[in-house]
Every structure is written in C-alpha cells, then in structure tokens.
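Engineer: If you're matching them up, the sequences are chains U and R in order. The opening residue of the first sequence carries number 1 in the numbering used here; numbering runs sequentially from there. The opening residue of the second sequence carries number 1 in the numbering used here; numbering runs sequentially from there.
Under the rule of at most 25 Å between Cα atoms (straight-line distance), these lysine to any residue pairs were calculated in the SDA-like manner:
1) LYS480/R / GLU375/U
2) LYS324/U / VAL16/R
3) LYS472/R / VAL409/U
4) LYS472/R / HIS385/U
5) LYS4/R / ILE27/U
6) LYS324/R / LEU373/U
7) LYS332/U / VAL16/R
8) LYS472/R / LEU373/U
9) LYS330/R / SER369/U
10) LYS447/R / ARG250/U
11) LYS447/R / LEU251/U
12) LYS4/R / THR430/U
13) LYS472/R / SER411/U
14) LYS4/R / ARG429/U
15) LYS502/R / MET353/R
16) LYS480/R / ARG370/U
17) LYS332/U / GLY416/U
18) LYS324/R / GLU350/U
19) LYS472/R / LEU83/U
20) LYS4/R / ARG436/U
21) LYS546/R / SER369/U
22) LYS330/R / ARG370/U
23) LYS82/R / LEU92/R
No lab work stands behind these hints, which were simulated from the structure alone.
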Amino acid sequence: MAELVVLRNSHLPPMTPVLDACLPPPIHLLPGDPPMVFLVEGSRLFETTPEYFDELSNNPENVQRELIESLRVRNANPAQLPLPAPTAISLNVAQSCNISCSYCYADEGRFGGHELMMSRDVASASIDRLLESNHGQRVTVGFIGGEPFLNRPLIHWTVDYATNRAKEVGATVGFSVTTNGTLLNSEDLDLLRAHSFAVSVSLDGGSEVNDRERHSRNGESVFERSVERLRPLLRLPGRARITARATITRLDMRILERITPLFESGFSEVGVSPLRTSPREELALRHDDWPVFLGEMVRAAEDELQQLPHLGTLRFSNLAIALKQLHAGYCKPLPCGSVANYVSVSARGEYFTCHRTVDDPRFFLGNTSRGLLSEPRIEFLRARHVDTQQPCRGCWARYLCGGGCHAEVLSAGRSGCDYIRGWLDYCLRTYNLVLREHPSLFERRN
Amino acid sequence: MIPKIFPRNLTARAAVQLVGNPVTSRLESAVGNCFPGLEFDHRNLDRRFFVGLIFEFTDVGVRLLGVDLNDPDLAQGARLRKMLAGAAGNKLRNDTWFLNSISQGRTTIAISRDLGITVSWRLIHSLEPGRITIELSRRAEQAGDRVPADTVVLTGNRRTFVGSTGVISTAYAPGELSQSLCSPWMHDFRDCACFYWASNHPDIVLAEDPPGEATLPTGAPEDPVLALTPIDWLRSDRKSTAPAQATEDANRRGQIDHYEINKRWQDLGIVLRGREIDGIYQLQAPENANPLSTPDALCEKLVQLATLEHAVALEYLYAMYSLKDPATVKDQRLIEDLTFARHEILLVAVSEMRHLRWANQLIWSLEHAGLVKKNFGPSLGVEMQIPVAPDKSRPPQLPPIPGPVKTRPASLRPLEPDVLQDFISVEQPSGYLDGQYAQVLATLREKQFPATLEQLAARIIADGMEHFSRFKEVQVVLRKYPASKTYIRPITPAPADHPGGKAALDLYHQILAELQAAYATGDMEDAAHIARARSLMFQLSAQAEKLASEQHGVAFFKSQPAAPEKTGKKPARNIR
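Same shape as in the complex, but just chain U (with noise of 0.2 Å):
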C-alpha cells in the first residue's frame, strides 16, 4: 500500500500539484453525447459541451478546481458520533436451514456451529431493546436464517409482540423476511399481507439452473417448492412486496437467463448478487470473471431497458435502485447500514454487525442481556469509512460504491472494484437517458 512521506528540505514552493497528487480524485469524466462529468462529492451529475469536456479533460487541475469552487462543493460527512441506536434489526430465528445450497455463507444456517432455533426470550429482548431507543420512530424487524420458517410459531408470535409493544411506545415497525420460499404456508402468506413484509426469496434462476445449487434433502425441485408456495402470494401479494434474490456463481454467469424465467414465474422484482466468497471456491468469481459479469449486467439491464416503455417500471431491481439512488444522488461512505443503523440479532441473542456475520467473534457486538457495546460499533464504522480505506479513498466511485460488503471485505479482501465502476459508469450513462425520455419514473410517489 502506498504510504506518504514528507520531502525534506525541499525548495517547491508550498502548494504543488505534489499535493494534489494524494487527494482522491475529485470528478470522473463521461465521454459520450452529449458528455457528462460526476462530481464525486454529493455524487452530482452534470450534461456538459464538448468543449469545455475537452477542458476538463486537458487541463483538469485549474479546470476543475474552477468547477468545484464555483458549486461550493463540501466534504462527506463522516460518520456521525455519538452513534445513535440501529432502527433496524434481523433476528436469526432458525440457525438451520431445509435445503442446502454449495455457496452458502452461512455453513446452511448453522455458522460453524450446532442448529439452534431462537427463543421467545431472545426475540422479546431484541424487540425490547430496539424499541427502547426508538420510542416513537420507524423500526424494522428482518427474519432471516437459515430457513426462518423452520421456526415458524416464533415468527408468528414475534410479529404479534413487535406489533403490540410498538404500540405502547407509539412506534411503527415494519417486516421484512429472507426465506427460501419452500416451507411457506397460506397462514405465512396471510401474515406477510396483513402486516407489509418485505419478502426477499432466493431463487437464483428457473429450475434447472437454481436446483443445480440449491438442493433439497429429499431430492425435489426446489425451485418448483418454492414457486408452488409462493403462487398464490405473487398472484394476491396484498401489502407484501416480493423480491427474488439470485446468487450468480462463475460456473453459469449468464444473468438474462436466471431473471427471465423469474419475472415468468409471477415475480415483479429481481436482483442478483455476484457469488464473491464461497467455501467453495470453484463458484466464487475470479479476477478474470469480472468483465464478463459486467457484460452479463449490460445484456440484462440492456434488454429491461427495451421494456421500459411498455412495462413502464423496472423489474431489475440492480438497475432499478442504481437509477433511484444516482437520481437522488446518493453518497455514503459506508456500503449498508450494518452496525450504523442495522444489526442482527443471533439465535443465542448476542448481537453481530449483520446477518451474514452471525457467531463470527470478529464481529461481535455484545448481547440483548446488556444491550449493545458502543465502543466496538463506532471503532468498526470509523475503521470502515470509505475514506479511510485504500484502494477506495484513490476511487471515483467511494461514495456510490461505499466500499464493499464489511463481511466479505474482512474475509477475503476486494475483488471485482473494476466491475464496480464499469457497472456505475453504465448506470450514470443510463440514469440520463432514462430521465430523459421517461422523467415520470423518477416522480416521487406519495
């Protein structure tokens, strides 16, 4: 890693572009017609003239000094301390799971350790503790696992606590589930309406190519399960809003052909996810993988785009919030609200940065007994910022980016940072044609 050193004794004059050398760099330029320029800073996006794009990129340091002074552009904010308490929280209801998936991160739900099923103590602590900082505010309770339904009474019964102790507090919580999708029955699907879940079912194409890595213990298709108990939610989805999920590993990258037979099978949205750890390896992408993944992202996005006018949304969900978020221009220096405002909650109650981290010591965060430590969670954020970390704090794309997944970055490093920025180039290229010829999309509905 590059370190910075001083240059002793040196006649340069005290501001040389030297200096400018370390600084993250401060725009990214986007040729094309009509041109753009991104500046990083508050992520804003720019139509400019060819001729003063020329500028830009020739003279870039006078050029575009002159341009962010002129919009007075200030610096991220950093993390915000003292911290205050998450609003959110995922509780790992079963830490056991029904069917067994070659990637999974989480050893099928187990992490390393014995099955273990939440108790009703553990799921009152979490909620009493969530609730008590939040009196009066939003909060958001996630189910994940493992199968969360393999614990299905505490679901239920957990939903009617939330729902009853948020009232006393004259707080709103919200749900949201991570499930497979194959336990589910008509009085899940009935709780899912009636109380707005979030339900984010990993699916990771049609049947032959999800039930290549998703396997049942009985030899069924999963896929098939899963969609079968699913039907009568997507047909009738009431205040339940559904997303599938799919794990894109290196032995079939094709994407197009995963999210087709999706939105065939009745699902609205669908988003995937690159396979980047794995304990099996052969599955995880590699280094060289990255450009044809991107490649694979342009097809789909490229074929959601030529629908657009008919659908009048956007199914792919990737694209979907990439656009969103460039439109409001989104810029944190922190992937996701782990450990910020989101932690998740164990099957034992101790409390760990998120669901994908469950009993990893390294991201322990203490217990529902004696709430959460504060220390480690502003020493994890402050270690995490973007800006903090090379190579990200030299990246154009920090702010948009956010750095990369804690859990996997932890564990094994940063990989695929070029595929990053390909995709978010693509993306702040199509987020100006599409606010162009369907501004409507971006209106804010009430």
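Given chain U, put chain R in place with the hints provided.
Structural biologist: Coordinates of chain R only, in the frame set by chain U:
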C-alpha cells in the same frame, strides 16, 4: 455557477440553484446573540445601525467609535452627509461621545449609561426601518475629568442592513461582521480546544524532527522518544519539543496567548496523522518483498509460520482466561471492559487459528499441485521462540531495523501489562509476521502457482493487520486500572497431576489429532474432522474457564524454557 454545465440529478440541481450565500449562512438563519462563541454576534451588525456612524456597546453606554463618510448609504441622505462632513462631524471626531437618546415616530428612548450592553443593544435592534433622530452627548474620557457639556442631534435612516437584492450593505468592511468570532484569525480560536468549545484544533501533537536530525521515511524523527512524545500544539516557542503537560492549566503558561494568536496563527503547525509537518507529502513506492527461490523453500517457510501462529494463539488463549470472568464481578464498568478485552483477545486468537489452517491449506495445495519435491505438512508444531520488536519504544509505524530477528521464549503468562506489550510487539504492522507473509505473497505471485493460493496468502495479511490495533485497544481499556489484580486472576499452568488440567490437555491433544487428520486430507474433504475439532474447542473453552476459576491455566507448553535466547531461531518442536 459555470454556464457550461447543466445539472441532471437532484444533488446537482440543488448545488447550482444556490446562487450567492447559502441560506444557512444568512444572518436571519444564524445562531446569534451577543456572545462571540456563536455563529454571529449581533452587536457587529447593530454597531452601524445609524448610517454614517459606528458605535460600540460598552458597560457604560453606547459609545461612538467613529464617523464614516465613506458609508455608501449616506448617498440617500445628503443633509446628514453635509452635517457629518461639517461642524457636527468635526465635533464628533474629537472627544468622547455617547448615545443619549433615540426618537422614532412619537417615541423617545433614553439610552442611559447604566442600561448595560444587552439592554441597550436590544433597544437599538428593535428599531423599525425609517427615519430616526439620535442625540449624542459629550462625556469625559475618564471619571473625574471635566469636559464642557455638549450635544449633537442627527436625523437619518435606521440602516436596513440588506439591499433589495438581499446583499449586506457594503458599509461593513471585510471581516467586520465576523470580528470576535471563533475563526482561526480571531483570538478566541486559541480556546477552541477539547476542554472548552467544539474542538477544531488539536491539543497535543507529535513533533516533527528538529532541522538537521535524521528523519525516517514516515516523516517521524529517528529518535523514538521524540517520535512518540506528544507536545503542545499551541506552544508559543515553536522550536520547543518539551512534552505536553497532563492538564490544560499546566500547559497554559507556554501557549500562544489571546491577541498573540491574531498575529501568529500562521505559525501553528499543519498536522497530518497526528504529527506536525512543514514539508510536502509525496507518494512512497510500494513495499516489495523478495520472493523465495523455490517452492520447497516456500513450504519450509510456511511450515515455520504455521508453528508460530500456533504458538501465539496458545499464548493469547492462556492470557485471555487469566482475565476475570465478567459474570463474577460487580462493577459495571469492569464488566464491560472485561467483556470487551476478552472478546478482542479471543478474536485475535481465533484469527491466528484460522491462519494456522490457511497456512496448512497452502502447504497442502502446493504438495497436491506437485510443486514440491517432498511432503511438508501438516504443520501443527509449536514454535518455542517468538520474534519480538527490536525496541519497545520504537514507534509501531516505523519499519524494523535490519538485522537478525530477536526472540523471546514462548510462555504462558497472565495478561499483565508487560505481557500485553509483548503481544503488541509481535503483531505490529511491518513487524516480523507481516514481513514474512509479504515474502510468501511475493513468491506466490509468480506464474507457476495457482491464483487461488495468492488470494489465500493475501487474506492472511489483510486479516493480520487488525491484531495490532485490537491489542492496542485492549491496552487502552485496561490502562484505566492502576492495579492489574483488579482484572486478572493470577493463574499458573496446571501441574501435570492436576485432574482438570489433564482433562484440558487431553482435549487439546484430541483437537490437534483432528486437525492433523483434517489438514492431511486437505481441500474441502476435511469437514468432519474440522467439525469435531470445533466442538472439542467449545469443551476445552469450558474446561479452561473452570480451571481459571481455580487459579490454573491450561499447560499448553510442556515446559517453559528457562532463559530467553537473544537472537537466532530454534527448530520447531513437533507435537506428533
């Protein structure tokens, strides 16, 4: 705004809509009263409430400071301007004058000398726009002096402060509205430190080396005392490198004073990474480690590193169980500190165990790829000599001094402060372990090795970076307690015939046997052994906790060497 750019997204649009001062910087949205510690001191505005005159709000009344014939707002009052340029102005420019009364409409307010600053300011501040008549009277400069009684009556406009475009009157000179506020060129800045107001300057810093002294590549002085001793940032004698005192009062005498700072603020040091700097930063070339010559040499290095990871993991575990069980203490602060310290140490120990596993995976992979001539692994020995930093006072950010590696004997010790310092020493960045893995990584980057192995080695390095800071954090937390017995149970390794100690050692040997089997099988085929080892570790943990409650620790090492060895390396002792 530059006319050649056209905002597209919401943040861009917001940025270019703000022509002129952002709304939060306008007077009407400022946090203001009559104190200089806030964003705005209203007295600075109302001192020019009457066009052409400048006042000062004092304890003994509203005193005339001067006549300003250049006041642009006088353009609207030809008669007033004439008076101020003539006899009335001449009078006011000489002697001492105070505001006596103000009349607006049918109301006249007397501004007497005993009203105080804030009351007289409030009366003036609440004047309405439009015509006002003021009366000034001459007063003696000092009590007791006699001056002829005299008054001057002037009629003019109460200043509106901003014009039709919202711009503040140019009557105010640059800096006039912000004078006396907490800005670097204003003397209150010197007090904006941790003990008083929002801290916007450092209290203590590390010194840059004096001219002519040796400097290390990091910019730190080569003299470790100078490199690590905090000095007072506000020191008046800029050449002084005397250590900062512990309290503000003790430092106060030697600091740049109010008024002095107005002239000398530019002498204050620029501080980067906690150290004063007056040169220019430049990027340093990345560190390059020399690759090992053959795959066999690489394997040998890995075998040796695995034994070292194993040894320090055991030292850390032993030390962790020497910390009191939080469940057995009552003091809430101590409970939290113990929970934190135990957790951090366990985390480092677990991380070392993971390194042990990865090092073995590297060995296994090299063997199975047919890259080495003989079998090296699994490596589950324990290194009995632990490398130490050459000099404990040497700052951790400095590279090690070249020369033979100094070592200390591996030993099982409770977490006394000096033991913790030893742990910090072995884990320091660019220390022994870092350097060794950098060499492994450099070797694996060569073409003959599969890419996955390089990633594995990179992972070990990335993981190890945090050990140092975690131990430092533990040090900070435990330093609060003057006596280590507050948090330590003075455990000693359980004697060979102690039944609990024997049971713990049996578990440890079973774990090693499982790991031996797992690492011999290698790749992903070792899951069953690993799972059994993991479950045994939970049992061992419970047993170690029980032993510690009886003042004993697990005697992981058969015997602790008697005398420390100064330099060089001993071959690893193999368990099996």
